[in-house]
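> Both chains come to you apart, so use the hints to assemble them.
Note that the protein sequences, when read in sequence, are chains X and D. Mapped onto the working numbering, the consecutive letters of the first sequence carry residue numbers -17 to 132. Mapped onto the working numbering, the consecutive letters of the second sequence carry residue numbers 95 to 864.
Watch out, some of these pointers could steer you wrong.
Heads up, incomplete: computed chain X residues facing chain D, CB under 7 Å, no partners named [said to hold, decoys possible]:
#	residue
1	50
2	71
3	105
4	131
Straight-line C-alpha distance at most 20 Å; calculated EDC-like pairs for lysine to aspartate or glutamate [to be verified]:
#	chain 1	residue 1	chain 2	residue 2
5	D	674	D	440
6	D	367	X	10
7	D	309	D	823
8	X	68	D	319
9	D	324	X	10
10	D	745	X	106
11	D	324	X	63
12	D	570	D	764
13	X	68	D	440
14	X	98	D	807
15	D	450	D	440
16	D	361	X	0
Hints in this document: simulated from the structure, not taken from any laboratory. Quick reminder that beta carbons are idealized off the backbone N, C-alpha and C, glycines included.
These are the residues of each chain, in order.
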Amino acid sequence: MIKVKINGQEQSWDGDPDLPLLWFLRDEAGLTGTKFGCGQALCGACTVIVDKEAVRACITSISDVAGREVTTIEGLHPNGDHPVQKAWRQVNVPQCGFCQAGQIMQAAALLMDNPKPSHEQIREAMSGNICRCGCYQRIENAVHLASTGV
Amino acid sequence: MNFIDNPGKLRGFEKHIKVEKVSRRSILKGLGITGGFVLAAPVMSRQAFAYETGAGKMPHGVVVDPRVFVSVAPDGIVTILAHRAEMGTGVRTSLPLIVAEEMEADWSRVKVQQAHGDEVKFGNQDTDGSRSTRHYLIPMRQIGASARTMLEQAAAKRWGVPATEVKAINHEVVHSASGRKLGFGELAADAAKESVPSIEGLKLKDPKDFRYLTKGQVGIVDLHDITTGKARYGADVRLPGMKYAVIARPPVTGGKLVSFDPAEAMKISGVEKVMEVRGWPWPSKFQPLGGVAVIARNTGAAIKGRDALKLVWDDGPNGKYDSVAYRKELEEASRKPGLVLRKEGDADAALKGADKVIVGEYYVPHLAHVSMEPPVAVADVKGDKAEIWAPVQSPGGTREDVAKTLGIPEQNVTVNVTLLGGGFGRKSKCDFALEAALLSKELGAPVKVQWTREDDLHNGFLHTVSVERIEAGLDKDGKVIAWRHRSVAPSIASTFAAGTVHQAPFEIGMGLVDMPFEIANISCENPEAAAHTRIGWFRSVSNIPRAFAVQSMVGEVAQATGRDQKETLLALIGSPRIVKPAVKDLWNYGEPLDSYPIDTARLRKVVELVAEKGEWGRQVPKGHGLGIAVHRSFVSYIATIVEVAIDDKGKLTVPRVDTAIDCGTYVNPERIASQIEGAAIMGLSLAKYGEITFKDGKVQQKNFDDFQVIRMDESPLVTNVYIVPPGPDTPPSGVGEPGVPPFAPALINAIFAATGKRIRSLPIGKQLEA
Ligand code: FES
Ligand code: FES
Chain X
-17 MIKVKINGQE QSWDGDPDLP LLWFLRDEAG LTGTKFGCGQ ALCGACTVIV DKEAVRACIT
43 SISDVAGREV TTIEGLHPNG DHPVQKAWRQ VNVPQCGFCQ AGQIMQAAAL LMDNPKPSHE
103 QIREAMSGNI CRCGCYQRIE NAVHLASTGV
Chain D
95 MNFIDNPGKL RGFEKHIKVE KVSRRSILKG LGITGGFVLA APVMSRQAFA YETGAGKMPH
155 GVVVDPRVFV SVAPDGIVTI LAHRAEMGTG VRTSLPLIVA EEMEADWSRV KVQQAHGDEV
215 KFGNQDTDGS RSTRHYLIPM RQIGASARTM LEQAAAKRWG VPATEVKAIN HEVVHSASGR
275 KLGFGELAAD AAKESVPSIE GLKLKDPKDF RYLTKGQVGI VDLHDITTGK ARYGADVRLP
335 GMKYAVIARP PVTGGKLVSF DPAEAMKISG VEKVMEVRGW PWPSKFQPLG GVAVIARNTG
395 AAIKGRDALK LVWDDGPNGK YDSVAYRKEL EEASRKPGLV LRKEGDADAA LKGADKVIVG
455 EYYVPHLAHV SMEPPVAVAD VKGDKAEIWA PVQSPGGTRE DVAKTLGIPE QNVTVNVTLL
515 GGGFGRKSKC DFALEAALLS KELGAPVKVQ WTREDDLHNG FLHTVSVERI EAGLDKDGKV
575 IAWRHRSVAP SIASTFAAGT VHQAPFEIGM GLVDMPFEIA NISCENPEAA AHTRIGWFRS
635 VSNIPRAFAV QSMVGEVAQA TGRDQKETLL ALIGSPRIVK PAVKDLWNYG EPLDSYPIDT
695 ARLRKVVELV AEKGEWGRQV PKGHGLGIAV HRSFVSYIAT IVEVAIDDKG KLTVPRVDTA
755 IDCGTYVNPE RIASQIEGAA IMGLSLAKYG EITFKDGKVQ QKNFDDFQVI RMDESPLVTN
815 VYIVPPGPDT PPSGVGEPGV PPFAPALINA IFAATGKRIR SLPIGKQLEA
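Excised from the complex, chain D in its bound form (with noise of 0.2 Å):
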C-alpha cells in the first residue's frame, strides 16, 4: 500500500481523505471573561441546513459552539474567536461578523480575538483551500443564533414572559408588548446559565434582515492597526531575552552539510553563537532542511553573521535538477501515453478521424509565493513546553508538528496566531516555527527565525512546474469531438513520499478531469514526472497551468475556425447541464457533488454575465486586443476579460479587467472584490515574468530584481468585478483562490486577438519582443 491510497490523517495532504470525526467529548470553557457566557449543555456540529459541505471531514471537523466562540461581558462587550488565519482574505473579519450579525450584536461592541491553535476546541483551522466562508458561513451563523436564543431566554425568565415575546435587536432584546429592554451585558451573566439550544431548533436570521452580511460595508477589523503601524504580523513579535536567528540552509533540495567554519561570522559585531541545526533526509513533509544558524542581538548582525560562515554541502541526488533539461522530460512525456484517468468514447480513434487536429503544449515553470512578509517565526522552548508566536495557515497542523518534532505532548504546545502577510499556500507549511522551536530548546532562551527574500526564493516550497499537452480534433463544421489533455508535473505528494510519480487526486481534480466542456470524445492522462524540489500549494495551485492550457485552447480553437473567442467557449461548454466525468471518487475540493455539482448552466452565466458587464465584442484601439477565458476552481465559478495594449516594441499593458464571480451565497462583497483585484495583479505576475528555473540543483532567481512581480507602474488601470447573485441556498463557495486561474488565459487570448502571436510558453517574458 503506498502513501497515496493510505496517506492516513497526514495533514495538509489529506483534504480528500475521510479523517474519521472526534468526538466532541471536551466540555469547552468558554473565554473565561467574568460574568460571560459559561454554558453547559451538549453541542452538536450537525448541520442541519439546505446543503452539506465537506467541513466535517476535515482534521477534527466543525465546532459549533458559542461556549467557545462567543463571550459578553457585563459592560456589554461582545468578543467574538477569530479561528482561521488572517492572511489578506477578510476572514479574521468575515467569520465573526456572521456571528454578530445572527446575534444582533451592534458591530462597534464587537472584540475580534484571535484564537490559538486547537483543534479540538475550536474545530479544524487550516486556513487554505478557499474554504473558510464555505465551510462556516452555517456554523457561524448557527453559533451566533444560539448566543442570540440564550440572551432572549434570559431576558423572558427575568421579564417572566414567554420567549415567543422577546427579540433581540441591537445588542438588547426587547419586550415589545411592554416596552421593556435589556442590554446584552445586563443579560450575559443570566444567558451564561440558559442552556444551549439544540441546533435544530435554531431559528436563523431572515437574509432579508441583515444588516452586515452581503452588504460589505464594514472595514476589516484591523484596518487601523495596520495604517497605524501597530498590526502584529509575526516579525513583530518580541520577548524579553529574545535572540534573531537566520538560517544557511542547503542550497540543493535534499542536499546536508559536509562542514562549516564559524570563526569569521563570530567576529561580526552583534553575532554570538553560530549553531548546527537539524534537518531531516527529503521528502520530510514540512520538516526543516537543517543547516547552519547565527543567532545574534538583532536580525541585521546575523544576516551579516551569516554571509561570513563558510559552509561545505553534499548537495545529494538532486544536484543535477535543471530546468531547460526537465522541460524536455516533461514535454517527450506529454507526447506519449500515460496513466488514463478519465476517458469517455475514443478519443485515439476520434483524433484520427478528425478533419483537423489542434495541438497545443503549454508550460507552466515553478513559482514562488513570495508572501510580503517572508517565514519567520519566535519560539519560546522551556523544558517539555513550547510557546509560539507565527504567521501560519494552520495553527492545529503547526502545533502537532512542534510537538512531534520536540517530542513533547500536543497539550504542552501553545501556538500564537499573529496576522500573516500573505501566505498563499506558503504558511500552510510550518518548517520556519520547527526551526525557530528546534532552536529555542537549544538555545534555552526564546528565538526569532528570520527568513530573508533569498531564502524564501530559494529554500521554498515552490509551484509545481508543468507541460499541460491538448489534442483538439475538429471535425469538417469545425465542432469540438476530441479532446486528449495529457498532464504532467511533478506532485505536492511528493514532498511527503518518496518515488511520487504521479499527480495525487487533489490535483488531477483541478481542471483535468473535471473538464466541463460537451465533447464525444474524451481523454485526460498523467504521465509521470518525477521531482527534484519540494513542491507545495501556491494559490489556486494546478488550475493555474490547467486553465491556461484548456482556456488557451479554446482560443486556438476559435483562431482555427474563426469564430469568436465568446461563442466558441460557450459552444465547447455546450448544454446547460450537471456534468458527471466518467472518474472514479472524483475529488470535488473536498465537497459533496450533491450540493457543489460540476453546474454549466453557472459556468455559462458567468461568461455571459462578465460578456454583458464587460462589453464583450467592443470596438478597442489598433494594438489592442480583448481575451475571454472561464474556470471553475474552489467550487466557485469565474469569468474573466482582459483587455491588453501591445505597443509596437512589445511593450504589454493592460488597460482594463473585467471578472464576473459566481460564488454561491457570500458574506462580504467588499472583500470578493479586493480578492479578484489582487488575483489579476497575480495572475498578471505570473504571466509576464513568474518563473523560477534551477541549474545544478540550485534556485536561480535571489530577490525581486530577477523574480519580478507586477509593481503599480504596470498593473491593470482598473479591475471590474460581478458579483453573481446567488439563488436562495445556493451554498457558498470559495473566493480567495478562483481568480487567479482564468487571468493568463484570457490575456494570453487577448494578446493573440492584439498581434495574432500565441503564447504558449509562460512566462512571456520578452516573448512579445520583435
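The shape of chain X in the complex, shown without the other chains (with noise of 0.2 Å):
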C-alpha cells in the first residue's frame, strides 16, 4: 500500500506501483486540473510540485512519491489566488488554457527557488512548458508580474 499526500490530504493505492502519478491523479484521485500533453516529459502540461520541486507527473511513478507530499493546480491555494494565479489573470494569459495549469506549477515552483527571476532565467525556466497556442510572451509576463508583486 502507497501512502501519499496530495493537496494535504492522505491518499493510499495499492494498485500498480509504476502506475505514473499523473494518471493517479486524474482518473483514481479526480484531481484532472493536472493534464496530459505528451506522457514523455516533453512538454509539461502534467507539472505538479513533489516537496519543492517541479515534476512531469507523466514520467514519476506513484512509488516514487509515496511518503511525500504533491501539489497539484488544485491545491496551490485555497481560493486560487496564489501570486502567480493572480498575475496569471491580471496578464490575461490563456488561450485554450489547456497547458496553463502546468505552467503556472512551474512558475510557482521557480519562484520558490527564485523569487526574483530575470527575464532570462524566466524564458530558461519555463521552456520545459509548451504552449501550443503560443502564450509565451504573456507567460513571461505574467512570471515577472508575480515575482515583482500583483
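See the structure below:
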C-alpha cells in the first residue's frame, strides 16, 4: 500500500506501483487539473510540485512519491489567489488554457526557488512547458509580474 | 458526376456549397429557467444590415431568437448561450458579450452557458474557418437588441407609459421622466410575455455607446477556472462506472488489422478487456480507422496494456508512402502544365519574351496540429440513446455522425461540448467521439477514449504537403509582366472521395487563384496529386504554402532587381482597386464578393501600417535582417514584419515581430492580439521545425522531441499587433487563422536580408548551419 499526501490529504494506492502519478491524480483521485500532453516529460502539461520541486507527473510513478507531499493546481492556493494565478489573470495569459496548469505550477516552483528571476531565467525555466497556442510573451510577463508583486 | 461537383451536404467539406435553408419551423423553447423568457412569436433570420455574409448558406444557417439564446432569471442573472466551441480564440466570451452589449446587461451579472450540439435549434455550430465573429456579430446584436426591446416594452406597460420613453441602462429599465427604475430580474416574467420584435424594426445601439465591444477590457469567462484547474476539457469528464480506453490503430492509412494477441496485455494490472474496434475503409471521411482497444480502470493501465499487445497489420495500398519519393513526384508534376484555373493574358508567351525569369520551387511538408490536448472523448450509449462529452469544433456534425454510426435517430444523441485544449482544425473531425460511441455501445458502460501524443501524430488528419512553383517574368525595367503559379498538393477532398487528384475550390481559393497582384499575364495551374494519408484542415489551410511561395517570390523579385522588399511588394499589389480574378465561381471563404471583395487598398494599407509602426527600414545590428509579407485570408488582410538574428553558427532567433491586421469591424481587440501573438509562434514553429515525414507508409515522428514546436526560449522577444480601425459598416472578417500565413515568408525574407541565403524548403531545420 502506497501512501502519499496530495494537497494536504492522505491518499493510498494498492494497484500497480509503476502507475504514473499523472494517471493516479486524474483517473483515481479525480484531480483533473493536471493535464496529459505527451506522457514523455516533453511538454510540461502535467507539472506538479513534489515537496518543493516541479516534477513531470507523467514519468513519475506513484511509488516515487510515496511518503512525499504532492501539490497540484487544485491545491496551490485555497482561493486560487497565489501570486502566479493572480498575475496570470491580470495579464490575460491563456488562450485554450490546456497548458496553463502546468505553466502555473512550473512558475510557482521557479519563484519558490528564485523569487526574482531575470527575464532570461524565466525564459529558461519555463522552456520545458509547451504552449501550442503560443502564449509565451504573456507567460513571461505574468511570471515577471508575479515576482514583482501583483 | 463526381464528388467535387456534387458534394451534397457533406459537412466539413462544403463550406462553399449551397445548402438549402432549413425552415425555422420549430418553435424553440428557452432555457427553461423559471420566470425566464419563454417567448412566442415567429422569428426570422434574415439579416437586415448593411452587408450580407455567407452565414445563411452554412448548414442550418443562422438562428436569431432571444428565446433560444437568452434567459433572465428573477434574481436578475442573465444567462447567454455560447453555441460555438471554445478552443482558445475567446469566442465563448466574445459572442455572449455582443448579446450583453446590445441588451444593456451588466457583464458581471451574466452567466455563459455552453450549448450542446443542435443546429436546428442554434444554427450552424461549425467552429472553423475563422467565421464566428464574421457570421455572428450582427445576429448576436439582433438577439441582444430583441431581448432589450422586450424588457423595455414590459417596463413601459407596467408603468403605463409609451415604450419610447423608457430605456434599458445597465441591467435596468429606466423611465427618466419619472425617475422610476426596474431591474431586469423584476421584468423577466413580464418580458417573457412580450412578442419578439421583428428584426427589421430593431434599433441597434450606436457604436459610440458601446461599453464592452471594441474595448478589450473583459477577460475570458473561463479565466479563473483555467488558472485554478477547474476548467473542464474533454479529458476531464468523469462518469460513474466509466472505463478508460486507448486504441491501437493501423499504422498506415488504409491498413487493416490481421490478427491480435491480447494475452500479455490482459496480465497488466488494471486492464479489464481487449477488444476489436470497427474501422471503415479509406477514404472514410471522419469515421474511425479501427484497431484494437484496451479497456482499463485508468488511462495509465490502458496505455501499458496497449504496449503489451501483439498486433499484425496489413498495411494496404499506402504501405509504400515515402516522403522523399513523394516530394520528387510533386516537383516533377510542378514542372509540367496542369489544370489551368485562372488565365489572364498569355503567361507562356510573356515568360518566353521576358528579359529575366525567376523560378522558385517552394516546398511545405505535412504538418500536424498537435493541439495541447490530444483527441479525447467520453461516450455513454444506452440502448438507442447516446450522450457524448467531447472537445469538438463541430458539435452539430458530431451529433449527425454519431447518429449515423450507431444507426439511431439524431434526436437521441446529445453532444455536450467541453472546452477544447486547442483545436486548429483537428477537432473539426469527430472520429475520436465516434470511437468512444462504438466502444460504449459494445461495453454497455460509459467509456473515455484517450489518444496519446503518438496516436495524434500517427493517426491524424495532416496538413497537406505541397510544391508551389512560381515563375515570374520581368521586363528590362524589372517590372513583373508574367506570373505562372503551379500548386501541387493532395486535396482535403481525398479524405471524402477516392481518386481525388485535384484541389477543391475552397483550397484553390486560398492564395492561388485569388492572388492580388497587378500583372498583365497570369496563369494559375493545379497539376495532379494523389493522397496517401488522411489530409485535413489545419489552421490557415492552403494559405500556408501559398503565402510562403507568393511572398517569398516577392522577396526574390526584390533581390533580383536590387529594390526594397516593401516597395517591390507595393508595386506588385499595384493600384488600389477591387481585384476580379478571371475564375469561374471564385470561392471567397464562403462570403459574397460584394461584401468581401479582394480590395488592394486594404492590402496596401496593412503593408503601410506595419511598415510605419514596425519601423521598416530601421538599422539593425549585423547578423540581423528584416523581412515583410502580406496575405489576405479568411477575408482579412494581414501584414507582418519579422526581425531575425542569425549567429555565426546559424542559430536563429527572432527579436521582434510586428503585425498589422485589418479584420473589419471587431469585437475584442485584446483577443485579436492574443491570436496574432499565438499565430507568430505557430508560424515560427512550422517554419523552423514543422515536418511530418512518411516511410513505408508510416509517420516517422512520435512526440514533441521529433515533432518540435517553439518553446519559450526560442519565442520572439516581442510581438506587436496593430489593428486597422474599421470604416463604418466594414463587415467583420477572420482573426483565428489569418495571422499564420504571412509569418513564414516574412521570416524567410528576413533571413535573406540577414545572410543572403534564400530558403525555399520548409522547415528551415539545419539549412542555416554552416
Ligand atoms: S504530459 Fe508530462 S510532460 Fe507532457
Ligand atoms: S493556452 Fe493553449 S496550449 Fe497553452
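> In ascending order, which of the hints set out earlier in this document are inconsistent with the structure?
Going through the list in order, the structure violates hints 1, 4, 12, 13 and respects the others.
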